[in-house]
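> Chains A and B, in that order, are what the protein sequence lines are.
Just add 5 to the spot in the first sequence (first one is 1) and you have the numbering used here.
Just add 5 to the spot in the second sequence (first one is 1) and you have the numbering used here.
Quick caveat, the hints were computed from the structure, so don't treat them as lab data.
Mixed in with the good hints, there may be bad ones.
[Said to hold, decoys possible] Computed, partial: chain B to chain A, Cβ under 10 Å:
id : residue
1  : Ile82
2  : Tyr458
3  : Ser460
4  : Tyr503
5  : Thr571
6  : Trp583
7  : Leu586
8  : His602
[To be verified] Here are a few chain A residues that sit away from chain B, every Cβ distance over 10 Å (derived from the structure):
id : residue
9  : Arg88
10 : Ser429
11 : Ile483
12 : Glu555
[Unchecked claim] DEER-style ranges, computed between Cβ atoms:
id : chain 1 : residue 1 : chain 2 : residue 2 : range
13 : A       : Leu586    : B       : Lys147    : 51 to 59 Å
14 : A       : Ile368    : B       : Thr255    : 51 to 59 Å
15 : B       : Leu554    : A       : Lys469    : 44 to 52 Å
16 : B       : Lys147    : A       : Ile368    : 20 to 28 Å
17 : A       : His602    : B       : Thr156    : 36 to 44 Å
18 : A       : Gln370    : B       : Tyr149    : 12 to 20 Å
Since the model is a prediction, treat every value here as computed from it, not as a measurement.
Every residue gets a Cβ at the ideal spot worked out from N, C-alpha and C, and that includes glycine.
There are 2 protein chains.
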Amino acid sequence: MLQRFKSFLIGKPLSNEAMEHERYSVLWGLPILSSDAISSVAYAGQEMLIVLIPAIGILAFGKMAFLSGAIVALLVILTISYRQTIDSYPNGGGAYIVAKDNISVPAGVTAGAALALDYILTVAVSVSSGVEQITSAISVLKPYSVIICVTLVLLIMIGNLRGLRESSRMFGLPAYAFIFALLSMIVWGFIRYSTGFRAPEPTYQITMNMLMPLLLLKAFSSGCTALTGVEAVSNGVPNFKAPAVKHAKTVLLLLSLIILFLFGGTSILANLYHVIPGDRALLILIAEQVFGNSSFMYYFVTATTFIILIMAANTSYSDFPLLLSVMAKEGYAPRQLSMRGDRLSFSNGILLLSGVAIILIIIFQAKVTALIGLYAVGVFLSFTLSQFGMFKRWRRVKGKHWHYKASVNGFGALVTCIVVIIISISKFSEGAWIVVLLIPILVFLILKVKKHYTSVSIQLSMTKDELNEIDFDRDVYINRVIVPIESVNKTSVRAIRYAKTISDNVTAFNVSIDEESGNKIREKYDMLDTDIPLIVKYSPFRKIVEPLLEFIESAEYEYRKGDMITVMLPQFATKKLWHRLLHNGSRAYIERQLLKHKHIVVSVMPLHLKD
Amino acid sequence: MLQRFKSFLIGKPLSNEAMEHERYSVLWGLPILSSDAISSVAYAGQEMLIVLIPAIGILAFGKMAFLSGAIVALLVILTISYRQTIDSYPNGGGAYIVAKDNISVPAGVTAGAALALDYILTVAVSVSSGVEQITSAISVLKPYSVIICVTLVLLIMIGNLRGLRESSRMFGLPAYAFIFALLSMIVWGFIRYSTGFRAPEPTYQITMNMLMPLLLLKAFSSGCTALTGVEAVSNGVPNFKAPAVKHAKTVLLLLSLIILFLFGGTSILANLYHVIPGDRALLILIAEQVFGNSSFMYYFVTATTFIILIMAANTSYSDFPLLLSVMAKEGYAPRQLSMRGDRLSFSNGILLLSGVAIILIIIFQAKVTALIGLYAVGVFLSFTLSQFGMFKRWRRVKGKHWHYKASVNGFGALVTCIVVIIISISKFSEGAWIVVLLIPILVFLILKVKKHYTSVSIQLSMTKDELNEIDFDRDVYINRVIVPIESVNKTSVRAIRYAKTISDNVTAFNVSIDEESGNKIREKYDMLDTDIPLIVKYSPFRKIVEPLLEFIESAEYEYRKGDMITVMLPQFATKKLWHRLLHNGSRAYIERQLLKHKHIVVSVMPLHLKD
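My request is simple: use the sequences and hints to build the entire structure.
Written out as structure tokens, the structure reads:
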């Protein structure tokens with residue numbers, strides 16, 4: 006039944022061959038890989054104004070236009086840089102790979118950790134912002150923000166567990182609808198303004214005192230969130246249909262153009278119409294000014310903004326698990342993350358991403374302004390490492406125009422590095438400290454994981470010579486069997502019968518709480534009339550494992566070093582799931598304790614209950 | 006390290022022999038078994054006034070005195086009834102046992118379920134009320150009520166996991182301090198009043214409209230919570246030092262006298278001083294009137310009331326696990342509940358009680374008035390069943406003065422039955438419906454559990470004749486071994502070596518995702534130069550269990566019905582706990598899937614990693 010429910014939620018399993026058909030074209034790849042980047046238009050500008058307006062009032066709009074220009078310039082640099090990365094890394098040039106290949110393993114791992122963190126934050130920020138749009142229009146929903154966010158994350162999770170292609174279908178159309186909605190708003194906004202429409206001038210309450218440079222840096226840091234998600238395309242190159250490189254580069258270019266138009270356009274509109282975001286979201290306020298608050302277009306902008314933001318989280322759902330699976334395959338993350346699930350998606354990564362994002366949403370109560378402090382440090386750190394890696398790469402491999410290419414990437418590295426420093430400092434007390442602290446910790450853990458896997462593989466590996474030398478027939482040890490029995494019944498008889506087939510040295514073993522019950526068992530056991538000895542031990546501490554281990558080591562057992570001991574444990578297999586609660590309470594515990602000993606093998610024998 | 010931490014928290018393990026020393030004297034038994042009953046003085050009267058005052062203003066105090074008289078009369082009846090029960094059931098005469106013995110199994114199980122529910126509610130109500138006392142005196146703590154309550158439950162839990170005697174020491178003195186504090190308050194309160202002191206008359210806002218009879222019944226129901234906990238003594242008879250019956254009867258009598266004085270006395274004081282509980286607790290308000298709000302005695306009453314209430318929860322911690330262990334031993338609850346832990350307390354019962362109580366506290370936000378609606382139905386239902394059971398018992402066993410004894414218990418049954426009906430109806434919409442619904446569900450589940458255990462024991466049991474007939478040397482089946490290998494390394498070599506000692510029919514088995522990796526393994530395997538065949542299967546769905554099961558059933562394997570198949574699974578034993586996360590991700594899953602098949606035994610072989 007559980008299986009059927011899973012299959013209903015997740016869809017039927019797909020075979021490995023189905024992989025080929027699960028790749029993106031430009032048309033569907035653009036929305037799925039760019040929704041994160043595009044959607045950040047919904048909050049980047051808004052968060053800039055939330056920093057600026059309380060401090061400098063109407064002057065905020067002018068400064069915002071200036072800062073937006075700087076951010077767009079940054080976008081252009083990143084786009085040129087990343088197109089070079091796609092060319093050089095057709096198999097997926099995430100910052101992790103580029104930095105590891107060209108700088109060092111710790112640099113690569115740092116980029117990986119930073120990106121992983123930011124993917125998680127993307128989910129939290131996007132979903133929270135999406136819900137904020139909706140609650141701006143429908144204010145009765147406001148108290149339920151957190152619950153709505155969590156539900157949405159779970160829905161996206163299920164969608165992604167169903168596999169790639171269905172995601173891209175599911176997420177493609179709304180992205181185009183959003184682009185259409187915003188372009189219409191920008192165009193109509195300009196027309197209305199140029200025909201002389203003026204919104205009533207709002208009043209400003211200037212409450213904060215802050216130094217202008219720090220203020221601008223803070224606003225710039227908030228605005229930089231518009232560029233998160235740009236790297237998604239270069240990570241996802243192998244997910245494109247052939248020719249993958251060409252398709253990926255096209256998508257990246259289109260993506261940048263779209264961000265340029267939408268981010269630039271809405272920044273200018275905000276300036277023209279002087280709207281003040283706060284309780285309500287910026288885009289919704291602009292739409293109200295441009296279209297009026299009961300027009301179809303007002304609701305269309307609200308709805309598509311909401312949807313694109315929810316979908317933006319989906320970008321993380323295709324990249325986070327992929328990143329972790331690449332790291333896991335190389336031993337830099339737990340192996341489980343490298344296994345694809347029934348529907349060819351990396352189920353464990355998807356579950357991990359959803360879990361942490363939900364925790365963040367609950368902690369920060371789904372508030373975008375609170376989450377934004379943590380955001381973007383990670384992305385820009387990985388930008389820097391990736392660009393610097395490319396720079397070193399050009400200096401190593403040379404090739405045509407390498408001077409030009411190296412300087413493009415070098416400049417990108419320099420600029421993004423400055424941005425990292427700006428964000429870390431200006432947003433430090435607003436949450437960036439968490440990320441600044443967390444990244445080194447993650448890097449430390451990742452390197453520990455790798456060290457462990459390396460050590461294990463050395464411990465397990467055998468050389469050709471060693472393999473050739475093995476002779477399975479030479480000095481084979483004796484296998485002894487101990488059958489712990491609680492009472493003499495069908496289980497114990499069955500276990501003893503099995504034990505006899507695998508060894509000539511079988512011992513039955515019972516732990517009794519008092520002598521009376523011990524004698525009862527012996528009496529019943531004697532009826533079996535077998536030559537297999539029964540040992541009864543009295544355990545004052547009601548322990549089972551300790552008396553058994555003591556017995557094994559006692560002279561009574563005559564254990565010869567090098568022999569193996571197989572301990573039989575019964576396992577009730579129940580038909581009804583809840584019956585399991587009524588059995589096997591201590592089996593797992595005993596098994597774990599026994600397996601701490603090298604010379605003990607635990608044999609679990611199922612006993613099938615009818616009811 | 007975990008072991009050491011546990012030992013620090015819980016104390017060193019105690020052996021079975023230590024049981025004898027863990028029993029109560031009258032001096033220490035009185036506080037530990039009666040703190041529930043005594044402490045209910047802190048909320049019973051208060052909850053009556055909370056019902057009455059908003060409806061009838063100053064008239065409430067007169068009605069309260071009248072209702073308190075009725076409740077004290079009920080207490081007298083119960084005390085006489087229960088002393089007879091202790092005489093008849095020296096091994097612990099909980100309502101469960103009395104009803105099961107004398108009425109029927111469903112009646113006993115109903116009493117057990119009702120009591121179990123009320124023990125849980127006792128923890129939730131007592132702790133919440135205790136914290137309410139403290140926040141009445143120190144109002145800055147009010148917002149943290151829920152967290153404080155949860156922490157306290159956890160502390161009591163740890164105290165109880167440490168074992169009985171330490172509990173009684175820990176909980177004895179504060180109970181006496183509380184009794185002393187309240188008696189002082191009552192005496193001083195009477196003296197002050199008789200010397201002419203009058204508190205300023207408060208103003209009443211009469212806001213509710215309710216029919217007088219219903220109002221009185223509601224208040225009476227709230228007041229009846231004063232009697233919860235009276236049955237604790239008769240349940241706990243075997244926990245007393247010899248002569249247990251005499252000690253238990255003495256404790257019950259003392260307990261009733263204390264309740265009579267404290268409950269009666271505070272009711273009269275509330276009446277004399279006309280205090281209005283609401284935001285602040287009744288006892289604290291009275292103490293303020295009697296002693297003044299900055300005197301030592303004011304704080305002494307606050308502190309001891311707080312402590313006795315917290316300790317009251319402890320009554321449940323000695324009775325709930327005992328009740329469940331008795332039920333579990335007879336198969337009416339999961340077996341795990343009948344096992345004593347390291348310190349001779351029933352650890353699982355203690356953990357279960359704490360868990361559910363914490364959930365209740367969180368759901369009802371630690372509000373006594375909200376929890377009180379659920380309370381007392383269960384207790385009075387078990388009173389009724391227990392008294393009716395005793396009534397039937399006297400009619401059966403007769404004996405000296407049986408007519409008198411039967412009529413005492415019969416009258417007790419009748420009165421408490423009426424109380425059950427009153428509480429269920431008058432508190433129905435305030436939460437009693439939950440209990441009224443839950444008890445039949447619990448009874449149903451308990452009977453299901455019993456049915457399952459009975460069915461299992463029938464399935465497992467063997468008659469003498471069957472035991473005598475067994476001949477372990479006759480028609481022994483063949484044991485075959487399959488060794489699934491991921492690659493050819495030390496693990497697989499070790500597993501094959503072991504397999505050869507337990508069977509002559511060994512097969513190595515590999516599941517590859519593609520042919521390339523399959524060929525690689527075969528190549529390496531051939532170096533071993535062994536006659537054990539290697540089967541390589543290609544799994545398009547990345548599944549491991551299914552190809553193995555298909556292979557077993559295929560003609561290729563030549564499986565003969567009746568043979569057993571042992572499947573070897575490696576288990577990495579890691580030194581560091583967190584390394585476990587990096588391994589064995591799929592082992593438990595594979596084991597569970599394989600054990601669904603009767604003819605498969607799973608042998609788990611530990612592989613000890615150095616680092």
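> Taking 10 Å as the limit, does the beta-carbon of Trp583 of chain B come near enough to a beta-carbon in chain A?
holds, 9 Å
> Can the suggested window of 36 to 44 Å be confirmed for the beta-carbon pair His602 of chain A and Thr156 of chain B?
Between His602 of chain A and Thr156 of chain B, where Cβ atoms are some 39 Å apart, the hint holds.
> Within 44 to 52 Å: is that where the Cβ-Cβ distance between Leu554 of chain B and Lys469 of chain A falls?
The hinted range 44 to 52 Å is violated for Leu554 of chain B and Lys469 of chain A, with Cβ atoms some 34 Å apart.
> Have a go at the Tyr458 of chain B hint: is there a Cβ in chain A nearer than 10 Å to its own Cβ?
Because about 7 Å separates Tyr458 of chain B from the closest Cβ in chain A, which is inside the 10 Å limit, the hint holds.
> Against chain A, run the beta carbon of Thr571 of chain B and see if the smallest gap drops under 10 Å.
Holds. Min distance 7 Å.
> Under 10 Å is the threshold here; is the Cβ of Leu586 of chain B close enough to any Cβ of chain A for the hint to stand?
holds, 6 Å
> Can we confirm that no CB of chain B comes within 10 Å of the CB of Ser429 of chain A?
The assertion about Ser429 of chain A holds, with a minimum of 29 Å to chain B.
> Can His602 of chain B be said to touch chain A, with a Cβ gap under 10 Å?
holds, 7 Å
> Find the nearest Cβ of chain B to the Cβ of Glu555 of chain A and say whether that gap is larger than 10 Å.
holds, 15 Å
> If you check the beta carbons of Leu586 of chain A and Lys147 of chain B, does the distance land in 51 to 59 Å?
violated, 39 Å
> Could you check the hint for me, namely that Lys147 of chain B and Ile368 of chain A are 20 to 28 Å apart, CB to CB?
holds, 24 Å
> Have a go at the Ser460 of chain B hint: is there a Cβ in chain A nearer than 10 Å to its own Cβ?
For Ser460 of chain B, the interface hint holds, since the closest Cβ of chain A sits about 5 Å away, which is under 10 Å.
This entry does not satisfy hints 1, 11, 13, 15, going by the numbered hints stated previously.
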